[in-house]
Amino acid sequence: MTEKWTDFAATALAWRKTNSGLAIPIPEVDEGVAATMVCHPSKAKDMKPIALPTERVPHWQARAIEKLRELLTKYRGLQVYLDICAQCGACADKCQFYLGTGDPNNMPVARANLLRKVYRYYFKRAEKFLGGDAEPFNEQVLKEWYTYFYQCSECRRCSVFCPYGIDTAEITMAAREIMAAIGVATKYVTEVVAKVYERGNNLGIPAPAWIDNCQFLEEELKTETGKDIRLHVDEVGADVLLVMPSADNFANTDTMMAYAKLFYALGISWTTSTYANEGGNFGLFLNYQNMKKVNKRILDAARQLKVKRVIWGECGHAWRAAIYTNTLNGPMDFLDPPHPVHICQFTADLIKRGAFKIDKSANDDLLIT
Amino acid sequence: MNDAAMVWNLVAALIIGFAYLSAFVLVGGLLLRLALYIQTPVPLKIVQTPGPKSAPGVVARIAGDVLIFPNLFQADRLLWLGAWVFHACLFLILVRHTRYFLYPVPELVIDWQTISVYAGFFFPIPALYLFWRRLASSRVLYISGLPDYITLILLTAIASTGMLVHYFARVYLVDVKAFTLGLVTFAPVPPPPHPIFIVHFLLVCALLIWFPFSKLMHAGGIFFSPTRNQIDNVLYPRYVNKWNEEVRVD
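First to last, the protein sequences are chains A and B. In terms of our numbering, the first sequence opens at residue 1 and continues consecutively. In terms of our numbering, the second sequence opens at residue 1001 and continues consecutively.
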């Protein structure tokens, strides 16, 4: 591999040019094509520990509207975004779920309209009278919600293209919170949150397995580097509590070993916790209560272990919720500021301050994209 | 008083009543909506990053959103052009119309008179483009509803009747100003007996009533969009959620 990275950049630019700058063709509307892609429903055994109804509540329609009313008084974003969309369609071809399926309900504006039509029916009768699409919350609408609000990853890409910054994630989160309140949720999300409360992490790795994995990785590191690099677990008094996606301990072990190498090179004592060994917060995909509780475990573990700092490993879901930790569970003033801290922020800061040298030749044969 | 005069007086009274009603609905509706937005809390920082790091930066960001639609520029250049010209024309038309309600007429309004009249003539072009666009793309057609079409038709009808009374079937300007000044000083006089002018005026009243209950509220709501009006300092200082409820799950 002798080519320089600039050559790859030139190739990529040329490729973009021949594809008129678009990586993915924009599909025509194909109604209902993703309607059958429905998540498995939650199970009672998972709903119970996360304080949600184990089955559809009686008078679920009224309960849902009551919940919508509550959320409207709590979230300005939701209230404003339901009101002001001009239906311009600038977001329509920006959602990966629309690009991937062509189902019109996966256009962010149409997805939000699924909630908007219910909002209009109960809360904005004037607009309904003026010809706006309005529908009562019924079985059919609930089915649409369950299908399409779980085909949104809350990535917020659409909001970047909206002239008013309408954040469909706010609308998706509201719809999921409403559904959760009446006992409607997916198996995937509820099972993961329940696992966190049971075992401290999304994958449900028991403490002995976590410790065993860490010991195994220590041996790997010994073979690779010849050094005694430790992966501490539940070590009281360590400087740093590291919370990562639990997959790092289980599948993406290169990342886990890299954390260990980094802290070893810096001479910083660190630990993971078997009470909260997960950064990824699936409460974000369910409701405020569970989002808050998943994050609370991390700070509880930090207090138990008397660490000076909590560092979040790399995980999009984790970090999205981590930045709310101070608001949700703070103040975090028992920790050294700034907080929360992401492993990349932490490392970049140390590189800037010259804490260690980087051998650029070690990985210069690798392509990144 | 003959029958025709009586009918006309009745019609004039109805028009004046409708005008006050529409102004009342507009102001009342707007105030209620804006009060609702102001009193609803924003629990979490959801600012679009990278965002402004200070309050003046937020003002600049919102001003940019209102004046040049940067997000739309990223999304769709043609739509951006159509939408920007559409709003620029609306703005000029609106500025020019202050001359009917202010006495004496401000210097600026007189200076802008010519270009504002051109804007009135030009307005149907971006409006037609926006209408055509709703039909031309399967995506936009899918999301377009009756209110979207009505809004465009209403605005175009207002602009067209406006240009008719300005240029082709002129209404006597002194009568218009007497009527509009009468309205704003709460000493109403009958409108000029010019059918197209009356249609123009009634359509505007309908628009005012339509405004606070429809998507036209984007004009007010844009100032309250948390993704755009928050300071990008999510990590420090601590952002406080007023209703941060205790964890009930245990």
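It should be emphasised that the hints constitute simulated quantities derived from the structure, not laboratory data. Don't take every hint at face value.
Going by beta-carbon spacing under 8 Å, a handful of chain B positions derived as facing chain A [stated by the list, open to error]:
id	residue
1	Tyr1037
2	Arg1099
3	Leu1135
Label pairs and their in silico Cβ distance ranges [to be verified]:
id	chain 1	residue 1	chain 2	residue 2	range
4	A	Lys308	B	Ala1060	35 to 41 Å
5	A	Arg353	B	Gly1057	47 to 53 Å
6	B	Ser1054	A	Glu66	36 to 42 Å
7	B	Ala1060	A	Lys187	22 to 28 Å
8	A	Gln61	B	Tyr1167	54 to 60 Å
9	A	Glu198	B	Trp1132	53 to 59 Å
10	B	Val1184	A	Gln61	58 to 64 Å
11	A	Pro338	B	Asn1244	17 to 23 Å
12	B	Val1105	A	Gln61	52 to 58 Å
We put the CB at the ideal spot given by N, CA and C, even for glycine.
Cross-check of the supplied hints:
Because the smallest distance between the Cβ of Tyr1037/B and any Cβ of chain A comes to about 6 Å, under 8 Å, the interface hint for this residue holds. Interface hint status for Arg1099/B: violated, as the beta-carbon distance to the closest one in chain A is roughly 29 Å, over 8 Å. Proximity of Leu1135/B to chain A is violated relative to the hint, the smallest CB-CB distance being about 12 Å (cut-off 8 Å). Between Lys308/A and Ala1060/B the beta carbons are some 38 Å apart, a value that agrees with the proposed interval 35 to 41 Å.
Roughly 27 Å separates the CB atoms of Arg353/A and Gly1057/B, a value that falls outside the hinted 47 to 53 Å. Between Ser1054/B and Glu66/A the beta carbons are some 40 Å apart, a value that agrees with the proposed interval 36 to 42 Å. Distance hint check for Ala1060/B and Lys187/A: the Cβ-Cβ separation is about 46 Å, which falls outside the suggested range of 22 to 28 Å. The hint said 54 to 60 Å for the Cβ distance between Gln61/A and Tyr1167/B, and at roughly 55 Å that hint holds.
Against the hinted window of 53 to 59 Å, the Cβ-Cβ separation of Glu198/A and Trp1132/B comes to about 57 Å, which satisfies the hint. Remark: the range hint 58 to 64 Å for Val1184/B to Gln61/A is contradicted by a beta-carbon distance near 48 Å. The beta-carbon spacing between Pro338/A and Asn1244/B, approximately 21 Å, falls within the hinted interval of 17 to 23 Å. Between Val1105/B and Gln61/A the beta carbon distance is about 56 Å. The supplied range of 52 to 58 Å therefore holds.
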